[in-house]
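In this note's numbering, the protein residues as written are 858 to 970.
Note that these hints are calculated values from the structure, not bench results. Check before you lean on any hint, since a few could be wrong.
Said to hold, decoys possible - Computed Cβ-Cβ distance ranges for the label pairs, DEER-style:
1) Ile920 x Asp873: 14 to 22 angstroms
2) Pro872 x Val935: 30 to 38 angstroms
3) Asp914 x Asn861: 35 to 43 angstroms
4) Asp915 x Asn861: 30 to 38 angstroms
5) Asp946 x Leu903: 17 to 25 angstroms
6) Ala860 x Asp914: 31 to 39 angstroms
Ideal Cβ positions, reconstructed from N, Cα and C, are used throughout, including at glycine.
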Amino acid sequence: LNANDFDALIELFTPDGALQPPFRRPIVGKDNVLRFFREECQNLKLMPERGIAEPTDDGFTQIKVTGKCQTPWFGGGVGMNIAWRFLLDPQDKIFFVAIDLLASPKELLKLAR
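Working from the sequences, and respecting the hints, build out all of it.
Below, the structure written as structure tokens:
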């Protein structure tokens with residue numbers, strides 16, 4: 858994602874994979890997710906810091922990664938705390954990923970100013 862190479866990124870998803878951005882409904886299907894990446898994710902800088910992976914009983918793998926995200930909208934020096942929650946299928950393709958904004962209401966109000 859940091860390289861804006863969305864064509865390579867989308868190949869990590871299953872055909873019916875889904876992405877749930879903060880405060881939005883899931884976006885389902887590779888074409889729809891790719892459209893979202895191209896329209897909404899230009900020039901993001903993701904900085905993962907730590908993660909944990911756990912297998913599920915049905916062959917999937919749950920992964921939670923926490924870190925920061927810098928966006929052009931808030932200025933280059935502002936890093937928002939983010940969690941990414943992945944569900945990988947048995948072939949290690951992304952079946953679902955949710956992005957959680959880990960900010961307090963007070964922090965969000967500061968950004969609105």
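- Item | Pairwise beta carbon distance, Ala860 to Asp914, judged against the given window 31 to 39 angstroms | About 35 angstroms separates the Cβ atoms of Ala860 and Asp914, which means 31 to 39 angstroms holds.
- Message: Please check whether Pro872 and Val935 have a Cβ separation lying inside 30 to 38 angstroms.
- Response: holds, 35 angstroms
- Message: Tell me if the beta carbons of Ile920 and Asp873 are separated by a distance inside 14 to 22 angstroms.
- Response: About 19 angstroms separates the Cβ atoms of Ile920 and Asp873, which means 14 to 22 angstroms holds.
- Distance restraint hint 35 to 43 angstroms, applied to the beta-carbon atoms of Asp914 and Asn861: The hinted range 35 to 43 angstroms holds for Asp914 and Asn861, with Cβ atoms some 37 angstroms apart.
- Is it true that Asp915 and Asn861 lie within 30 to 38 angstroms of each other by Cβ? holds, 34 angstroms
- Item | C-beta pair Asp946, Leu903: status relative to the range 17 to 25 angstroms that was hinted | Hint holds: Cβ distance 22 angstroms, inside 17 to 25 angstroms.
Violated hints are absent here; each numbered hint is respected by the structure.
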